[in-house]
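780 is the number that full-length UniProt numbering gives the last residue of the sequence shown; the numbers go up by one with no jumps.
Calculated directly from the structure, the hints in this document are not laboratory data. The beta carbon of each residue, even a glycine, is placed where N, CA and C say it ideally should be. One thing to keep in mind: the hints can contain errors.
Okay, the calculated beta carbon distance ranges per label pair [stated by the list, open to error]: (1) E375 - N436: 22 to 28 Å; (2) N606 - S159: 30 to 36 Å; (3) E537 - K162: 43 to 49 Å; (4) S121 - S356: 14 to 20 Å; (5) E657 - S356: 51 to 57 Å; (6) T533 - R346: 32 to 38 Å; (7) K723 - E275: 40 to 46 Å; (8) D120 - M692: 43 to 49 Å; (9) L760 - M692: 40 to 46 Å; (10) P526 - D390: 47 to 53 Å; (11) P666 - K716: 22 to 28 Å.
When the alpha-carbon atoms are kept at most 27 Å apart in a straight line, the in silico DSSO-like pairs for lysine-lysine are as follows [unchecked claim]: (12) K723 - K703; (13) K668 - K69; (14) K668 - K711.
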Amino acid sequence: MINKQTILLLTMLVTTVTAIGSPLVTGNDVMYSSGKSVLRLSICTDNMFRVTKSTDGRMPENEKWMVTKYDFGHIDFVVNESNVTTRSLKIHVDKDPWRITVTDNRGRILYKEVDSFCKDSVCNVVTMNANEHFFGFGERMDNLDQRGQRIRLNVELGSGPKPAVGGKDILRANYCPIPLMLSNLGYAIFFHTAMPTNWDMGWSQYDCYSFSASGGDNDYFFIFGPSMESMIHSYQQLTGAAPLMPREAYGLHVGSYSGGTWKHEKETSDTYVIELISRLRREGVPFDLLWLDSTWRNFMSLGNGGCSFEFRETFKNPKNMIEYATKNHVAMLGLHVRSLLDNGKRNTLLDDARKSGYTITDGNTNAIVDFFSPEAVDWWWKNAAKRVTDLGVKFLKTDVGSALHFKNASLRQQQMHNLFPIAYAKAPYELFAQLNGQRGFNHTREGYAGIQRYPFIWAGDWGSEWQWFEPVIRGGLNIGLSGVGYWSHCMGGFEQYSAYDTDLYLRWCQFGMFSPVSILFGMDHPRYHAPWTYGEEAQRIFIKYDSLRYALQPYLYTSAWDMYQTGRPIMAPLLYDYTQDVITYNISNQFMFGRDMMICPVTVKNALSRPVYFPGGDWVDFWSGERILGRQHKSFLTPIDVMPIFIRRGAIIPQQEAMQYIGERPVKDITLLVYPSQYSSYNLYEDDGKSMDYQKGIYALTKIESCMKNKTWQLKIHKTEGKFKPTSHQFHVIAYLDDRPSSVEVDGHTISDWQYDDTLKRVSFYTGKNNQEGITIRVK
1 MINKQTILLL TMLVTTVTAI GSPLVTGNDV MYSSGKSVLR LSICTDNMFR VTKSTDGRMP
61 ENEKWMVTKY DFGHIDFVVN ESNVTTRSLK IHVDKDPWRI TVTDNRGRIL YKEVDSFCKD
121 SVCNVVTMNA NEHFFGFGER MDNLDQRGQR IRLNVELGSG PKPAVGGKDI LRANYCPIPL
181 MLSNLGYAIF FHTAMPTNWD MGWSQYDCYS FSASGGDNDY FFIFGPSMES MIHSYQQLTG
241 AAPLMPREAY GLHVGSYSGG TWKHEKETSD TYVIELISRL RREGVPFDLL WLDSTWRNFM
301 SLGNGGCSFE FRETFKNPKN MIEYATKNHV AMLGLHVRSL LDNGKRNTLL DDARKSGYTI
361 TDGNTNAIVD FFSPEAVDWW WKNAAKRVTD LGVKFLKTDV GSALHFKNAS LRQQQMHNLF
421 PIAYAKAPYE LFAQLNGQRG FNHTREGYAG IQRYPFIWAG DWGSEWQWFE PVIRGGLNIG
481 LSGVGYWSHC MGGFEQYSAY DTDLYLRWCQ FGMFSPVSIL FGMDHPRYHA PWTYGEEAQR
541 IFIKYDSLRY ALQPYLYTSA WDMYQTGRPI MAPLLYDYTQ DVITYNISNQ FMFGRDMMIC
601 PVTVKNALSR PVYFPGGDWV DFWSGERILG RQHKSFLTPI DVMPIFIRRG AIIPQQEAMQ
661 YIGERPVKDI TLLVYPSQYS SYNLYEDDGK SMDYQKGIYA LTKIESCMKN KTWQLKIHKT
721 EGKFKPTSHQ FHVIAYLDDR PSSVEVDGHT ISDWQYDDTL KRVSFYTGKN NQEGITIRVK
């Protein structure tokens, strides 16, 4: 059936194609020309389009490393001489030079270019609104709000003076830059280039901002939200969603130098690793994954910078070590590798790769594996990785994705530098998925646009000092706003050369247990951040928060599914949900964990209390049950074992019994922690935890609805539905109610076995029902 809009569109196409100088429309592309100069608009959706500007009429090829989807199918839009209109946006085009202005369907100007193609660079200059603020740009530790800042995005370790502790300047680090900018006005710009980019966000001019590159194509996507969530979701339609990890990867990861970090390599052994696993289990420290960092292998001609894929002689029986790990419920054991090959004492990997042409000559070395080449990847897997996969290794930690540097680089070589981390992570991610017969998994340091497809990123090697703690949190928030949701850091910091700071260690670990991925790792020989080395109280506190992460697995796993579906990062800054509240724009020591838990790390040494800002809505203290009104600051006591946590009104948070490892025993009871509002709902997500079947629709959802009306609270737990059949769960309910109930009914039957805590002001009871049947609860 042809509607009026389609008829109008067809009429406009006939008119515009035949008119002299009018735009040419082909499919979803609208081409404007002025002499040799061309501007192409490619309409992706009603809310997203691509802009390509060319001075010679040449259009770039569709690369595959950053963007994975270019074909969006038919979209209705209307074209005339200088305007393209979709259901959501109107794009006005000006010539000489090419500039566009974008308004929404209410006529509000979102974006207005004032110049482009400045001198020798690819550049777009844009009017900056007086109340406009900018977010994203990848894993940046400097600011959340980048208004007034100047930013360079290029994969690198960071320049500037070296700090006293740690080898990198954290405020200039560019481990994972993403050329994605989100405006609080409700639009985003994804600069579709692998060239180093410069973003002047009002640093030079107070009323304009610009994004530019020293070469390449003037090629970018305009994304209209208007929410942060819809902008990130649209960006991931282009570059890919973050897939679910193997279920065990949501538990604790432990890294080890096998008893000997750099300059202590002779102290490494497989016996150390076995004893570490035994001690962790004996002390009751929940964990699931373990990897051995660089000193597991022989260092040869390239020192610790190369990878020989050869265990040191101090490892007498690596296969037995890995089998011991498996028997003691280590779900996956991995190894740290480098992007540079090296010969071993018993192999000639580097020589063989060079002879076969499978390395890249970059001006510094001829040792980097050419992960852009399928043939090189195949050779690397069969000749290098297979040396350890045959022993039972299940994943790799792919370090030094920034190694590819060219002297006097050509345009193509400059682009290869930023794309290399994606190719480097992609290869083991996909190959280990085939080998393990489960979801892919990879642990990497560097990334660029699209790296979220091969999770996860960790924040690099920052010193164990208070001054670096909050910037690391900020880096996690920024990278989440940039479409990369699986992110982590070394709890307690990585490099440490001075006295141990138990306060810093515990505060960092408390935050770490509420990060998207939790890893415990450090190079502090001989302690290596083991919790028992900080004393009995420290170990007790560590286990308390580690166990809380394991208890929250149903909530965390559902949040991961939510991220896969919507793009919402598991760890999001307050501004994500409260963009209209400018107070949130630079709060980087509070964040949302999932949709309903606000986490407030203590980032000041020996702090006995800390202020917390509450955005709109009502909140409840997770520990004390105190109710707090939104839109205010309030101070809370913070003894060493307390990190403030708050629950948003309307929350429904599923929990389970804490375990020593994922799947230690079947989950028989699910506790629903509810803070009732007028109405809220939640979908508890479950699947097999291993396969890609969830992408085929094989999963289960349990819908839960909460409603408060006329002083009666109703909770409805629907029967679990879906193609996946989970185990049977009974439900335990804990609800924050201001008044002691007079009665509790389950499916119309009054129960007497319920308790009300007058201090926490919450009622708790078992339903006696499971997920195989619908349950209706009324509390009066």
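Exercise. Among all the numbered hints in the text so far, which are the ones the structure does not match?
Worked result: Violated hints: 3, 4, 10, 13, 14; rest satisfied.
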